[in-house]
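Asks: The residues making up each chain are set out below.
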Amino acid sequence: MPEPGPPREVDLTVIPDALLVHRVLDGDTEAFREIVHRYSSLMRAYVRRIVGSLDEADDVVQNALVIGWRQLHTLQDGAALRSWLMRIASREAFAHLRRRPTTLPLDAYDLPHAQDLPEQSAIRNAQLAALSAALDTLPDNQRRAWLLREVAELSYAEIAEDMDISPSTVRGLLARARTSVAIRMGGWR
Amino acid sequence: MTVVSPEDSSTLATQVRTIPGVTNIFTPLPALAQLPGMVATATGMADDGHVADILISTDENDITTLSARIATAATESTPGTARRVADALLAQTPPTTRVIIQVARIR
Amino acid sequence: MTIPDEANRTLDCGKTVQELADYLETGRRPPDPHIESCPECLNALEALERAGRLARDLVDSDASRLPAPPESWFERIFATIHEELRAGRSFPISHPDPRVQITVTEGAVRALLRDSGDAIDGVFISRTEIIGDAETLGAPVEINLTASLRFGIAISTLTRALRDSAYAALAAHTDLHVTAVNITVEDIYNDTREQS
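Protein chains in written order, with the numbering used here: chain A, 1 to 189; chain B, 1 to 107; chain C, 1 to 196.
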């Protein structure tokens, strides 16, 4: 077990991502601990949307974070840490899907239901539920492109590289995905 | 002490822990390979799960070497602490023994 | 207006939903004069964009409601990382007895430098470097520190305090022959809590 040290003098939670990255590269493992705490929930939630179960998402994100640590020296702009980590999470999530021998039966999916959402405005709840349902009905490649664009915030070039297709194909997938999602959410009114 | 044994290793480690300025003993490392990666401080992790202590090794000329990897307190002079550790180990062993101390963490 | 249930359904003005989605993906450049002035098209564009804005909300909402993983999940990550860390160089500490060899690791000294900087309010050390043949006792060594200072703090006061702190720490904990402590102020950072 890593040795617990005395309380740190500096509060890492207020340090911006770019500086944290430098610090990790300088050898400070506490700085990496802060990065893990800062982004693990987001990555787990996102990966769960892709692989369908929280247990699998936890495994995937655990790997993704270690990969992120190993590759951190390749990150050009520390301020882009969030989307960079999401990109690694995406890659690992889809690789996990390819390795999985069969698709899970529907009842193994433990995605959140609308009624689990906190008390917010009813309209907002309905919107989120509709989006969730709409995403689930998309063909795999459209959903993947849409998630990479809208949530992981990758560029067309990055999505194209990840999915091994051309940027113009990415654009077409995104157009169809956005259309389907918007229609299913009943947004034409 | 003329014969080295695992008990000696633990006994010495226990003694070293009581020396002022020493805050921990880590698993001793063999000769450090230069691996790619980041420079960092030691962690105190014992690779095989048992309590980390002092490495006692003997070479082909029957020269015994004691190796200790320690953490020192930021409130005490680290060279002072490390020298006290070395002196304590020298006092416990035959005159031909070598002592290697590595300070891997200062907090 | 009827609600289209296919991507190729045409709006009353003649544009198809697919065309509008394509237009969105080009970033609305170059601007299409019809689309940008047609209320029906503009409503449709808004609908197409709304889902995107909600996407981050959806995942953020998921994330805030996820149960935290067990401590062991975190510890496994850090255990893996610790195994892969490089110890760096070893800097000698003198001892009168020739049978004794004492060193302090580069990792320990760089952490020491970071700590000595962090101890000063408003200073955050992002990089440390130990330049020179530090593995040879007595060889001249220079220290480079890259610091970020919190917005609003006087730079000259801080750099002086930082330099003093670094020298003191190195004198107390190493036998390094430090000839210079060079400080680069790279950033002024804002407390992220104030930004949100």
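For the record, the hints were derived by calculation from the structure and aren't laboratory data. Do not rely on the hints blindly, as some may be mistaken.
[To be verified] Looking from chain B toward chain C, a few residues come up when the C-beta cut is under 7 Å (computed):
(1) I63
(2) A73
(3) S77
(4) T78
(5) A82
(6) A86
Just so you know, even glycine gets a beta-carbon here, dropped at the ideal spot from N, CA and C.
Asks: Per the CB criterion, is I63/B less than 7 Å away from chain C?
Replies: violated (10 Å)
Asks: With a cut-off of 7 Å, does the beta carbon of A82/B approach a beta carbon of chain C closely enough for the hint to hold?
Replies: Holds, because the Cβ-Cβ distance from A82/B to chain C comes to roughly 5 Å (cut-off 7 Å).
Asks: Verify the interface restraint on S77/B: the C-beta must sit less than 7 Å from at least one C-beta of chain C.
Replies: holds (5 Å)
Asks: Does A73/B meet its interface restraint, that is, does its C-beta lie within less than 7 Å of any C-beta in chain C?
Replies: violated (10 Å)
Asks: Close enough to count: is the Cβ of A86/B nearer than 7 Å to one in chain C?
Replies: holds (5 Å)
Asks: Can the hint on T78/B be confirmed by a CB-to-CB distance to chain C that is less than 7 Å?
Replies: holds (4 Å)
The structure is inconsistent with the numbered hints 1 and 2, although it conforms to all the rest.
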